[in-house]
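Peer 1: These are the residues of each chain, in order.
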Amino acid sequence: MIWLQGLLVEEVSVEINREPILQNMSFYLDPGTITALIGHNGAGKSTIMKTLIGLQERKMGKIVLNGVSQEEDFLPFKQMLSYIPEEPFLLPELTAMQHFQLYGRSYQIDEQELVEKVDYLSRKMEITDKLDEFPESLSKGMRQKVQTICALLPEVPLLLIDEPFMGLDIYASEFLAEAVKEKAEQGTIILLTSHQLDRVQQLADHFIMLQHGKVVDHGDINSFQVLKRRFSE
Amino acid sequence: MTGFENAWSVYRYVKRHRFRKKSKLYKLAFGVSFDVTISIYLGAFLLFGFFILHETLQESADRILQLQSFVTANYLNLVLVLFVRPVITSFTRPGVLFSSAELKLSMLPFSKQQLWQYCIGERLLKTTAVWVFLAGFIAFITPLAFDFVMMTAGLIILMDVLMAVPQWRLFQRHFLIKLMTSTAIVVMAAIVRLLSMYVGGSAWWMGVLFVFLAGTNILLLKRATESVNWSKVVQTNDLIIWNMWFINKMSQMEIKPPSKQGWIQQLFTSRVNRKRFDYSNPVRIYRRLWKNYLLEQKEAVIRTIGSVLILLVLLGTRNDWLFGFGIALAIFLFVQMASSFFFRWLRQQAGLLFALGVEAVEAWILLLVCTYGTTYISSAYTVLTYVTGAALVVTGSIMVLYRFNKTIFSLSNGNQDVGFS
Numbered sequence: 001m002i003w004l005q006g007l008l009v010e011e012v013s014v015e016i017n018r019e020p021i022l023q024n025m026s027f028y029l030d031p032g033t034i035t036a037l038i039g040h041n042g043a044g045k046s047t048i049m050k051t052l053i054g055l056q057e058r059k060m061g062k063i064v065l066n067g068v069s070q071e072e073d074f075l076p077f078k079q080m081l082s083y084i085p086e087e088p089f090l091l092p093e094l095t096a097m098q099h100f101q102l103y104g105r106s107y108q109i110d111e112q113e114l115v116e117k118v119d120y121l122s123r124k125m126e127i128t129d130k131l132d133e134f135p136e137s138l139s140k141g142m143r144q145k146v147q148t149i150c151a152l153l154p155e156v157p158l159l160l161i162d163e164p165f166m167g168l169d170i171y172a173s174e175f176l177a178e179a180v181k182e183k184a185e186q187g188t189i190i191l192l193t194s195h196q197l198d199r200v201q202q203l204a205d206h207f208i209m210l211q212h213g214k215v216v217d218h219g220d221i222n223s224f225q226v227l228k229r230r231f232s233e
Numbered sequence: 001m002t003g004f005e006n007a008w009s010v011y012r013y014v015k016r017h018r019f020r021k022k023s024k025l026y027k028l029a030f031g032v033s034f035d036v037t038i039s040i041y042l043g044a045f046l047l048f049g050f051f052i053l054h055e056t057l058q059e060s061a062d063r064i065l066q067l068q069s070f071v072t073a074n075y076l077n078l079v080l081v082l083f084v085r086p087v088i089t090s091f092t093r094p095g096v097l098f099s100s101a102e103l104k105l106s107m108l109p110f111s112k113q114q115l116w117q118y119c120i121g122e123r124l125l126k127t128t129a130v131w132v133f134l135a136g137f138i139a140f141i142t143p144l145a146f147d148f149v150m151m152t153a154g155l156i157i158l159m160d161v162l163m164a165v166p167q168w169r170l171f172q173r174h175f176l177i178k179l180m181t182s183t184a185i186v187v188m189a190a191i192v193r194l195l196s197m198y199v200g201g202s203a204w205w206m207g208v209l210f211v212f213l214a215g216t217n218i219l220l221l222k223r224a225t226e227s228v229n230w231s232k233v234v235q236t237n238d239l240i241i242w243n244m245w246f247i248n249k250m251s252q253m254e255i256k257p258p259s260k261q262g263w264i265q266q267l268f269t270s271r272v273n274r275k276r277f278d279y280s281n282p283v284r285i286y287r288r289l290w291k292n293y294l295l296e297q298k299e300a301v302i303r304t305i306g307s308v309l310i311l312l313v314l315l316g317t318r319n320d321w322l323f324g325f326g327i328a329l330a331i332f333l334f335v336q337m338a339s340s341f342f343f344r345w346l347r348q349q350a351g352l353l354f355a356l357g358v359e360a361v362e363a364w365i366l367l368l369v370c371t372y373g374t375t376y377i378s379s380a381y382t383v384l385t386y387v388t389g390a391a392l393v394v395t396g397s398i399m400v401l402y403r404f405n406k407t408i409f410s411l412s413n414g415n416q417d418v419g420f421s
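Line by line, the protein sequences are chains A and B.
Position 17 of the first sequence, counting from 1, maps to 17 under UniProt numbering, and the rest follow consecutively.
Position 119 of the second sequence, counting from 1, maps to 119 under UniProt numbering, and the rest follow consecutively.
Computed cross-link-like contacts, EDC-like style, restricted to lysine to aspartate or glutamate with a CA-CA straight-line distance of at most 16 Å:
id, chain 1, residue 1, chain 2, residue 2
1, B, Lys112, A, Glu71
2, A, Lys124, A, Glu178
3, B, Lys24, A, Glu133
4, A, Lys62, A, Glu11
5, B, Lys21, A, Glu136
6, B, Lys24, A, Asp132
7, A, Lys50, A, Glu15
8, B, Lys112, A, Glu57
9, A, Lys62, A, Glu10
10, A, Lys62, A, Asp73
11, B, Lys21, A, Glu133
12, A, Lys214, A, Glu19
13, A, Lys140, A, Glu87
14, B, Lys112, A, Asp73
15, A, Lys50, A, Glu86
16, A, Lys124, A, Glu182
17, A, Lys183, A, Asp205
18, A, Lys59, B, Glu226
19, B, Lys21, A, Asp132
20, A, Lys183, A, Glu155
21, B, Lys22, A, Glu136
Pulled a few chain A residues facing chain B out of the computed Cβ check, cut under 7 Å:
id, residue
22, Ile53
23, Leu75
24, Lys78
25, Gln79
26, Phe89
27, Leu91
28, Glu93
29, Leu94
30, Arg105
31, Ser106
32, Gln108
Simulated DEER-style distance windows between Cβ atoms:
id, chain 1, residue 1, chain 2, residue 2, range
33, A, Asp73, B, Arg288, 52 to 60 Å
34, A, Glu87, B, Phe146, 49 to 57 Å
35, A, Gln108, B, Arg223, 27 to 35 Å
36, A, Pro76, B, Arg288, 49 to 57 Å
37, B, Leu239, A, Glu87, 12 to 20 Å
It is worth saying that the hints were derived from the structure and are not from the lab.
Ideal Cβ placement from N, Cα and C applies to all residues, glycine included.
Modelling step: build the complete structure from the supplied sequences, incorporating the hints.
Peer 2: Okay, structure coming up:
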């Protein structure tokens, strides 16, 4: 069987407390594309993200990334994705630097490469003086920066970003946007959610509009005016 | 630095860092609290204390050996208590320390199920180590037989192993299901106890219970990590892991648990209570503020009511005098708590009244009503406090006098007896 490269989400349904959150959701994302999930609060944007990383159990459906099925090869599937959650989620046991080491070792990044990447990213994100701090002594913005660096470290085929600019200052946001574009150019599939439509328009190539857990529209980001009108409805 | 080969290596990595961070915190707190001199004295006291305890226990060997034969004859009771205890604990604790760190690791390329298995394995190892050490220590320090101590520790460990997964699964369930299950378990334990009393065969009943629990474990293990409320689990476990008593005391900072979605919370935040209310009506605002304040202070309210009830039950079973004394003490406690509630409430909520969009005049009237109302009530309570305080003193004095007279009377009778003989 020949599998297409890319992310396939087919007929995925999720229920939380017997309430349908995602209903038969299907879409396909090509490698190297940046796709924005758009929708009102409660439309199911974060739920699809959590389902992709396996935090949320799905009732039915199929998720395949570059030919690797989430259901059948869960760990190889997870090895191929990286995730920035909406709220920074760091381990209280580890300092910022130890977080980077954790990610580096988990994704089997070469030691020298890891050192260089951490050095580059921490300088860009302006957290070089906070590397030995534990999460509780960092501000929310700083924690978000640590979380973002962690997710940018591995070279994986899929990068999931839930509200990428939440809590980041203007410079960090600009850098993240650049880094995301660069990753996409290298062939990474980027799936992001955001309420900041102007930023989405600048960053994404495609959009998927969700409503009540269903895909109601999708297409090129250039049809943004239509999208904006619908979103405001 | 090499990559993590599997979930076990990353689990150990996090555990190592958790241990280091906790040790560092303990060292800091210890350094603040104890200097070298105090530490030496404390060590010496502990050493002497150990020898004194050893001597004292050896002297009361008869009683301790009586306790040993009593426990040996009642092993089934011990097992039933160990059977019921985790079920009751499941209302507040998941039993397996799967914290936010493990959840975070499960978002990386590691299996959540494996991480959960390591957590449960660690719990069982820790329990075994603690109980084996404790049993060794008890066997060394007391005249209890080594076999008996080890057997008891073995039973405790076995029950802990068998009850870990049922407690975990039960923690995930709704409050009512937990309530029904725990009631059923208590009834089941009572039936087993009664049957063993009438039919006999304690060992046989224990065997049946072990087989039943082993079967339950096999059934539950398959779906141990399915339909789990992870946020509730990690919130509770993080609190257990990082709420260190010694550190809290030394830093004078207490980590408070997040507001629980317990049944009391749900009761007060039900749909009816969440509905909009007529906030232009000062009386409704007054009621709502009181309700919220009581909800905030629910732990203090429950603790007071619980203490008063325990006091009455404990003293009521002794004799009439003590029961009377208990009632006076209960009223005293109640009055003290109620008046402090009024004062605090007034202090906290007065400013809020103006921020609620109530007309200024109405707000003033409401504030005056509250102030004077609470002042009058609290004054009345203060008077009542003095009255109950006085009643306490009088009751106590009468009791002492009564005892004294009784002693004098019996002594004088005793002397007469001596004289006659």
